[in-house]
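Going down the list, the protein sequences come from chains S and U. Residue numbers for the first sequence follow UniProt numbering, so the first one is 1 and each next one is one higher. Residue numbers for the second sequence follow UniProt numbering, so the first one is 1 and each next one is one higher.
Treat the hints as calculated values from the structure; they're not laboratory data. Be aware that one or more of the hints could be misleading.
Where chains are identical, the list cannot tell them apart; a pair therefore holds if satisfied intra-copy or between any two copies.
Straight-line Cα separation of at most 27 Å, DSSO-like style, residue types lysine-lysine; simulated pairs [to be verified]:
1. K366 to K259
2. K384 to K24
3. K311 to K339
4. K384 to K259
5. K193 to K24
Protein chains: 2
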Amino acid sequence: MQFATRLDNVETSAIRELFKLLGKPGIISFAGGFPDSAMFDVEGLREASQKALAEEPGGALQYGATEGYEPLRAQLAAFERSKGVADMEPNQLIVTTGSQQALDLIGKTMISPGDKVIVEGPTFLATIQCFRLYGADIQSAPIDAQGVQVDRLEQLIVEHRPKFVYLIPTFGNPSGALLSLERRRRILELAVKYQVLVVEDDPYGDLYFGEAPPPSLLALASEVPGSREWIAHCGSMSKVLSPGLRVGWLVAQPELLAKATMCKQFSDAHTSTFAQATAAQYLKSGRMPATLRNVRQKYAERSHGMAEALKRELGEAIEFTEPKGGLFFWARLSGRGGKPTHAGEFARRAIEQGVAFVPGAPFFAKDPDLATLRLSFATADVDKIREGVGRLGRAL
Amino acid sequence: MQFATRLDNVETSAIRELFKLLGKPGIISFAGGFPDSAMFDVEGLREASQKALAEEPGGALQYGATEGYEPLRAQLAAFERSKGVADMEPNQLIVTTGSQQALDLIGKTMISPGDKVIVEGPTFLATIQCFRLYGADIQSAPIDAQGVQVDRLEQLIVEHRPKFVYLIPTFGNPSGALLSLERRRRILELAVKYQVLVVEDDPYGDLYFGEAPPPSLLALASEVPGSREWIAHCGSMSKVLSPGLRVGWLVAQPELLAKATMCKQFSDAHTSTFAQATAAQYLKSGRMPATLRNVRQKYAERSHGMAEALKRELGEAIEFTEPKGGLFFWARLSGRGGKPTHAGEFARRAIEQGVAFVPGAPFFAKDPDLATLRLSFATADVDKIREGVGRLGRAL
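Just chain S, same shape as in the assembly:
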């Protein structure tokens, strides 16, 4: 059977191969990218789903508008307003089947084969593959602990004239990096100066451990004249409430939103109204603030636990900046003390010791740094994290 030529641009991920080894009994996994099921507010979601079916069974079970279930759009607009997005109205967003679909719709709507797209190096693996399926030629802008390096980004924009720039500014996956306020402003200025769309993927912004992070690019756009129309913002309920609902959203200027809606109509018609009505009832119930407090506190404990254990067990053989939120440590093998610098090799030895993580190389669209790795602290408690990091130390 002859498949579409677009499939030639993607390959089965190296990470998936690694995941097959995770079935080994007793393994401690820092490899996942998912939240801890034990933190899901099952009772709150049970009540919300019951209310959805009791109050408006037709709305929850019938076909719905491609743009999304109106009560949910209203709740999500209010949620964004509560995070500082000025004048956010329900018709400025559409509900998507997870934020993965928002990325897919942006790809479908914007990318012609051969178009340039700039992403962070490293960035979310599924985004790279998603955009490549639409024929994107992906360029990579370097990052540091303050997020993407804006001078390099500007050079790349001038050089490549990309269709858009894709960023995870807040607690990035895999970088854990937090884009500084000053860099956020400069990126909005670049968007206006070069008339280039900036796609802000923000699934982790609510998962901060201390102070709240700087405002999202979307929120900050009101301070940089002309920038709002150049920002597309992808939100998600997956990391804070439940990935299984598959409820995300896309905020964009009207013309782009209309095109994305048309593409969505032919992608899945609409997101599950049952899931949407459940999410709407949940947000309406007022339980979200307590849920957010709970996940922030638990993930903060785990993150601190991992930072301490890494320093104690691996010492100067590993370099990292402790994240201020999100789910991930991004680290680099320094090679000091004659220790290994190849994270793929290290991952194999770690599995033998009963602990798993993901090497960093696949997260780079170009020029992978083979010494990097991603560690998730999301799904193990602090004791398990200490035990797992101890095994990492033995593997190194």
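Given chain S, put chain U in place with the hints provided.
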């Protein structure tokens, strides 16, 4: 903003424009393509969703496998086996976000820009648009009340060497036509002879009014050696249980299924596990046979009511074959007695009389028949159907 060139291939549907007029108070609509909300088994779905959350909250709320929630794949395989599909195993299908997504994944996996695809004329509008977004050059094979005309289909296959053939063999949308058993066998033989993929879209096959229809192409493939690998089958819970769950499935040979799964990974990661776990519990509960009996009986009454009313009120000005299942009448204005033959004009006059339907022209990928129209009997009861058809008579 400059969008992707693929958007040049599609346009906002004429039907959508018509739908804007449906808000008029007191209008009776035969225009929709959706089932009647009043038939949804809300209590059964409530229990199923509760069980899903009680028995396996992690499975229902966490990220899940792209291929689908295993208990649902097992239930769907059993459902297909109960309809005569030999040796159907769970790993031969993936769960999709409605069958619309199955079509989207087939488009993404199979169609390179410029590839030929053959569909029925008329066929499901969203399929035409979905495939065109991937750059398909769509050819149209004529139908009659026995479904697609196989001799013409074979000529078109020889002439165009299509990437695949897309059919709705059982109670097609908009045609209501039922492909005969003999034609089904011949199509399977054509698939083998020309090594061409045949995509069978089957959302209506369970909605029969009298005898069960002939087996699906998928089921019949076991009788035509070598044909099973050339059949992709799209199933759906939308018309029989609830569209709002967005639970469909795709059956295909292993290589195609693996490619479609990869594409799905970057489209929406997976279908809502909450919706999937609810559907799995529903199928497990044993309520489905009674639900099917109920919808078959009610839609049969409505279909008979519409047939009688059309004969009485419109007489020889309209031609149609009474459907044996599904949700639609496909009709043609004969022009006899000096009556109009332009269904678009007629639709506008009907709206003035307080009744709506969809003109047939947009359902043709090529050479539209302007005298055709689609009438859905799904959402009005028999009294409303009689009243609505009376208004049609006055409009004509």
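Status of the hints after comparison with the structure:
1. K366 to K259: Close across copies (24 Å), not inside one copy (30 Å); limit 27 Å.
2. K384 to K24: Within one copy only: 16 Å inside, 62 Å across.
3. K311 to K339: Within. Shortest intra-copy distance 15 Å satisfies the 27 Å Cα cut-off; inter-copy 86 Å does not.
4. K384 to K259: neither (47 Å within a copy, 37 Å between copies)
5. K193 to K24: neither (52 Å within a copy, 47 Å between copies)
Violated hints for the displayed structure, listed by number in ascending order: 4 and 5.
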